[in-house]
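Protein chains in written order, with UniProt numbering: chain A, 1 to 223; chain B, 1 to 232; chain C, 1 to 298.
Among the hints, a few may not be true.
Stated by the list, open to error - Simulated pairs of lysine to aspartate or glutamate, EDC-like, Cα-Cα distance not exceeding 16 Å:
(1) B:K63 / A:E218
(2) B:K109 / B:E85
(3) B:K87 / C:E6
(4) B:K87 / C:E4
(5) C:K3 / A:E53
(6) B:K87 / A:E47
(7) B:K129 / A:E158
(8) B:K63 / B:E215
(9) C:K3 / A:E52
(10) B:K115 / C:E13
(11) C:K3 / A:E47
(12) C:K3 / B:D89
(13) B:K129 / A:E23
(14) C:K53 / A:E23
(15) B:K63 / A:E23
(16) B:K129 / A:E53
(17) A:K4 / A:E158
(18) B:K152 / C:E13
(19) B:K115 / C:E6
(20) A:K4 / C:E179
Said to hold, decoys possible - A short list of chain A residues far from chain B (calculated; beta carbon distances all over 12 Å):
(21) D5
(22) Q11
(23) E47
(24) A128
(25) H194
(26) L196
Said to hold, decoys possible - To spell it out: a stretch of chain B is covered by chain C in this simulated footprint if at least three of its residues, at any positions, have a beta carbon under 8 Å from a beta carbon of chain C; those stretches are:
(27) 109–123
(28) 154–166
(29) 193–203
Source of the hints: derived by calculation from the structure; they are not laboratory data. Note that the structure is predicted; figures quoted are calculated from it, not measured. All residues carry an ideal CB built from backbone N, CA and C; glycine is no exception.
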Amino acid sequence: MPRKDGRTTTQMRAMSATQGALERADGSVRFGFGDTQTMCAVNGPVEARLREEQLDRATVEAVYRPIIGLPGVRAKEIEAAVQTVAEASLLAGLHPRTLVQVTAQCMSDAGSSVAATLNATAMALMDAGLPLRAVPAAVACAISPEGEVLVDPTAEEEQCARSQHVFAFDNTSQEMVFCASTGKFTAEELAACHDLCRAGAAKVHAFYRVALERKLAEEGIVA
Amino acid sequence: MTRRVVLPGETVDVSVTSEDIDATQPVRLGPGLRQAEAEVCAVRGGQLQAQPEARRWWIESNKKRYVPALGEPVVGQVISRHAEEYKVDIGGAHSAVLQAMAFEGATKKNRPNIKVGALIYARVSLADKDMEPELECLNPTTGRSEGYGELKDGFMITCSLGHCRRLLRPGAAILRALGQHVPFELAVGMNGRVWLRADSVPHTILTANAITRSEGIYHACRRLVKQLLQQI
Amino acid sequence: MPKEFEPSISEREFVQAALLEGKRVDGRTPYDVRAIEIHLGPEYGAAEVTLGKTRVAARASATVVRPFPDRPNEGQFMLNLELSPMASATFETGRASEEEVLVTRVLEKAIRQSRAVDTESLCILAGEKVWSVRVDVHVLDHHGNLIDCATMAVVAALLHFRRPDVTVIGEDVTIHTLEERNPVPLALHHIPICISFAFFEDGQPANHSCPCDRLVMDPSRLEERLQDGDMTVTVNTHRELCALSKAGGSPLPPDQVMRCVQLAATKGAEITNLIRKAVQDTTSRTRPGGGGGIGLDR
Numbered sequence: 001m002p003r004k005d006g007r008t009t010t011q012m013r014a015m016s017a018t019q020g021a022l023e024r025a026d027g028s029v030r031f032g033f034g035d036t037q038t039m040c041a042v043n044g045p046v047e048a049r050l051r052e053e054q055l056d057r058a059t060v061e062a063v064y065r066p067i068i069g070l071p072g073v074r075a076k077e078i079e080a081a082v083q084t085v086a087e088a089s090l091l092a093g094l095h096p097r098t099l100v101q102v103t104a105q106c107m108s109d110a111g112s113s114v115a116a117t118l119n120a121t122a123m124a125l126m127d128a129g130l131p132l133r134a135v136p137a138a139v140a141c142a143i144s145p146e147g148e149v150l151v152d153p154t155a156e157e158e159q160c161a162r163s164q165h166v167f168a169f170d171n172t173s174q175e176m177v178f179c180a181s182t183g184k185f186t187a188e189e190l191a192a193c194h195d196l197c198r199a200g201a202a203k204v205h206a207f208y209r210v211a212l213e214r215k216l217a218e219e220g221i222v223a
Numbered sequence: 001m002t003r004r005v006v007l008p009g010e011t012v013d014v015s016v017t018s019e020d021i022d023a024t025q026p027v028r029l030g031p032g033l034r035q036a037e038a039e040v041c042a043v044r045g046g047q048l049q050a051q052p053e054a055r056r057w058w059i060e061s062n063k064k065r066y067v068p069a070l071g072e073p074v075v076g077q078v079i080s081r082h083a084e085e086y087k088v089d090i091g092g093a094h095s096a097v098l099q100a101m102a103f104e105g106a107t108k109k110n111r112p113n114i115k116v117g118a119l120i121y122a123r124v125s126l127a128d129k130d131m132e133p134e135l136e137c138l139n140p141t142t143g144r145s146e147g148y149g150e151l152k153d154g155f156m157i158t159c160s161l162g163h164c165r166r167l168l169r170p171g172a173a174i175l176r177a178l179g180q181h182v183p184f185e186l187a188v189g190m191n192g193r194v195w196l197r198a199d200s201v202p203h204t205i206l207t208a209n210a211i212t213r214s215e216g217i218y219h220a221c222r223r224l225v226k227q228l229l230q231q232i
Numbered sequence: 001m002p003k004e005f006e007p008s009i010s011e012r013e014f015v016q017a018a019l020l021e022g023k024r025v026d027g028r029t030p031y032d033v034r035a036i037e038i039h040l041g042p043e044y045g046a047a048e049v050t051l052g053k054t055r056v057a058a059r060a061s062a063t064v065v066r067p068f069p070d071r072p073n074e075g076q077f078m079l080n081l082e083l084s085p086m087a088s089a090t091f092e093t094g095r096a097s098e099e100e101v102l103v104t105r106v107l108e109k110a111i112r113q114s115r116a117v118d119t120e121s122l123c124i125l126a127g128e129k130v131w132s133v134r135v136d137v138h139v140l141d142h143h144g145n146l147i148d149c150a151t152m153a154v155v156a157a158l159l160h161f162r163r164p165d166v167t168v169i170g171e172d173v174t175i176h177t178l179e180e181r182n183p184v185p186l187a188l189h190h191i192p193i194c195i196s197f198a199f200f201e202d203g204q205p206a207n208h209s210c211p212c213d214r215l216v217m218d219p220s221r222l223e224e225r226l227q228d229g230d231m232t233v234t235v236n237t238h239r240e241l242c243a244l245s246k247a248g249g250s251p252l253p254p255d256q257v258m259r260c261v262q263l264a265a266t267k268g269a270e271i272t273n274l275i276r277k278a279v280q281d282t283t284s285r286t287r288p289g290g291g292g293g294i295g296l297d298r
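Just chain A, same shape as in the assembly (with noise of 0.2 Å):
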């Protein structure tokens, strides 16, 4: 059965990416699945405050920022999810005693925010060239009332959901990184969203090489 937007169960919506898109930090992206779009800022390294320097490595800061009101709870929850996936993926032990400051800032959510949010940290940490393990890739998916997944769900589709899950995944080894659920599945189910997840965070790998391909021919650096 087709979605309201006319995709089917396991079509993602388009992706989109600015790559250096503020000229401030040291690396910026705004990424986006359709009219979701969240703005990462990645600084670093950059001096640590005293008490939060790690002699053997660097600190990974994150900040989550809502677009509409002051950070609640599901915002706390958002930045516990950006500092696991930047502290996974960095290989902070070669910049010891260094903070890096990882700001994702919401600019629209028309669903599946927390997996834009992800993917937008993961390509800022790449946009600011510093060093890392893997890549993540986020897709989020939804479970209907019918007992439907629905891959890269919309904000209405989202909130008459029987479940909701996002997983990430990295390049290397096709692992997970992260995974957070809410509301009542099987086990049967959350392994099926895995599959399903699994396979659209191929899609997202492929996007971040087009988009690199992109911006190093725009930088010159391909011919």
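Put chains B and C on the given structure of chain A with help from the hints.
Okay, now just chains B and C, sitting in the frame of chain A:
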């Protein structure tokens, strides 16, 4: 295939592919590559480059934040003066140390007098992730200043590190195009800072704008300079 | 959190030398404002404005709340601005910097206290239900003159915003979804625009007849860091002065103030037209949906 776009985490095959290459030579990994157990991994996204004969491999990419590397020229700003040394901001995570003796002809009695806030052109003489970087204003092999030292007057602009590398290449298009119309001198740091000075205020502004705006322009440098000249 | 150092001696001296010749280091003349770009949508009330490289996003939203007991017929209007490390690595979250306080206060004065939004029109049911409109301002890139850029973003967001339509029958209030009925624009009394100036001392008695007097409009980040004084003039399209703020800095002769007001009035009218045009162009295209500006992230 030696030239391709790689994402962080991807493995790179650095094994010998041709019989002409001396397999006993060690493999040298440049920026963006790292050895992880038996494999070589990319840690940065960019274009993989290689000199297969010399077994050198590196990744070409652009960024804005400077991480000090040995021997690179940098433009720094003096942030504090101490008895034996200056603390210099070079745009990295930690401020660098410049010994008062690391100048041409400096002795205990005759040492340079540089004010806080002054700009200097120096060479990175120590770069280690666990230590504060150190600078020197002389070439260690000859003991001569060779252009390093305090940068007086002029103006400073910032640009991406990749653009700075391009400016340092001999015959950089924008500098050649500018040089046909305006006399100027400049000091390009690998840390994304360019100090420049021309014979008059309008010419300095023109040079600064031309260099800033030439980022991302590779063929139309002459047109850009002409356009800016008309605006004066 | 990296520290920001004072500009170098070379930069300071060159900026001042250039100003003596009536020139600015980015190639502008003293009264040039950097290029302004306005992006609106996709949701109602979402605006992103760039002023040169300075970039600010503003998002207007509305919720239904109970009015304050002393003002039962009035809706509420709130402004919220926080400088995150996105704008500049030197900003810390959770601790208001001096700059943040200053920008917030000028914005409050310019938009809220000049009563730009007609709060009485936001009343749904006296003493029971009113609209609370809030605008969240997000500074994305800080390259100087945040105040002017943020005001433009807030004004654009307010003009672009549509709140859901309501019907009141007796005590019953129905809030219509965007699909049911066309949403309603906000009633604005006037459109305030801030124009900021930076002043530079030359150590000599000011000579106002000279074309190279030390005053620049729309200061860049470098000029802001080097300035001896600043002033922000808020004007509207009726050529009225709405607010004027000068927080310390070098003293100014009265005629200099008057000149700034005149300059601001002219420039303010240009900017208002620019924003109006951008809003008109987009509103005819905007499709409803996508959250419609009602808070989802709470």
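Structure-based check of each hint:
Simply put, K63 of chain B and E218 of chain A have alpha-carbon atoms about 13 Å apart, close enough for the 16 Å limit, and the pair holds. Using a Cα cut-off of 16 Å, the hinted pair K109 of chain B and E85 of chain B holds, with the two alpha carbons roughly 14 Å apart. A distance of roughly 14 Å separates the Cα atoms of K87 of chain B and E6 of chain C; the hinted pair therefore holds under the 16 Å criterion. With a C-alpha separation of about 15 Å, the suggested pair K87 of chain B and E4 of chain C falls inside the 16 Å cut-off, and the hint holds.
With a C-alpha separation of about 15 Å, the suggested pair K3 of chain C and E53 of chain A falls inside the 16 Å cut-off, and the hint holds. Among the hinted pairs, K87 of chain B with E47 of chain A is consistent with the structure: their alpha-carbon atoms are about 14 Å apart, no more than 16 Å. Taking the CA atoms of K129 of chain B and E158 of chain A, the gap is about 46 Å. The hint is violated against a cut of 16 Å. At roughly 13 Å between alpha-carbon atoms, K63 of chain B and E215 of chain B fall within 16 Å of each other, so this suggested pair holds.
With a C-alpha separation of about 15 Å, the suggested pairing of K3 of chain C with E52 of chain A holds against the 16 Å cut-off. Between K115 of chain B and E13 of chain C, the direct Cα distance comes to roughly 14 Å. Compliance with the 16 Å bound is thereby established for this hinted pair. The straight-line distance between the Cα atoms of K3 of chain C and E47 of chain A is roughly 8 Å, inside the 16 Å bound, and the hint therefore holds. A threshold of 16 Å between alpha carbons decides the hint, and for K3 of chain C with D89 of chain B the separation of about 10 Å falls inside it, so the pair holds.
Between the alpha carbons of K129 of chain B and E23 of chain A the distance comes to roughly 27 Å, so the proposed pair goes past 16 Å and is violated. Under the criterion of a C-alpha separation no larger than 16 Å, the hint pairing K53 of chain C with E23 of chain A is consistent with the structure, at around 7 Å. The straight-line distance between the Cα atoms of K63 of chain B and E23 of chain A is roughly 12 Å, inside the 16 Å bound, and the hint therefore holds. For the suggested pair K129 of chain B and E53 of chain A, the alpha carbons sit about 14 Å apart, so the restraint of at most 16 Å is met.
For the suggested pair K4 of chain A and E158 of chain A, the alpha carbons sit about 13 Å apart, so the restraint of at most 16 Å is met. A hinted pair counts as satisfied when its Cα atoms are at most 16 Å apart, and K152 of chain B with E13 of chain C qualifies at roughly 10 Å. The hinted pair formed by K115 of chain B and E6 of chain C meets the criterion: a straight-line CA distance of about 13 Å does not exceed 16 Å. For the given pair, K4 of chain A sits about 14 Å from E179 of chain C by alpha-carbon distance, which is consistent with the 16 Å threshold.
With a least CB separation of 30 Å from chain B, D5 of chain A remains clear of the 12 Å interface cut-off, as annotated. Q11 of chain A, annotated as away from the interface, keeps every beta carbon of chain B farther than 12 Å; the closest lies near 24 Å. Look at E47 of chain A: its CB is around 5 Å from the nearest CB on chain B, not clear of 12 Å, so calling it non-interface is violated. Not every CB of chain B lies more than 12 Å from the CB of A128 of chain A, the least distance being 6 Å, so the non-interface label is violated.
At the 12 Å boundary, the C-beta of H194 of chain A stays outside the reach of chain B, the nearest C-beta of that chain being 21 Å off. With a cut of 12 Å on Cβ distances, L196 of chain A stays outside the contact zone with chain B, its closest approach being about 23 Å. Note: the stretch 109–123 of chain B has 4 residues with beta-carbon separation from chain C under 8 Å; the three-residue rule is met and the coverage holds. Note: the stretch 154–166 of chain B has 3 residues with beta-carbon separation from chain C under 8 Å; the three-residue rule is met and the coverage holds.
Against chain C, the stretch 193–203 of chain B contributes 3 residues with a C-beta closer than 8 Å to a partner C-beta. That satisfies the three-residue criterion, and the hint holds.
The structure fails hints 7, 13, 23, 24 (numbered hints given earlier, in ascending order).
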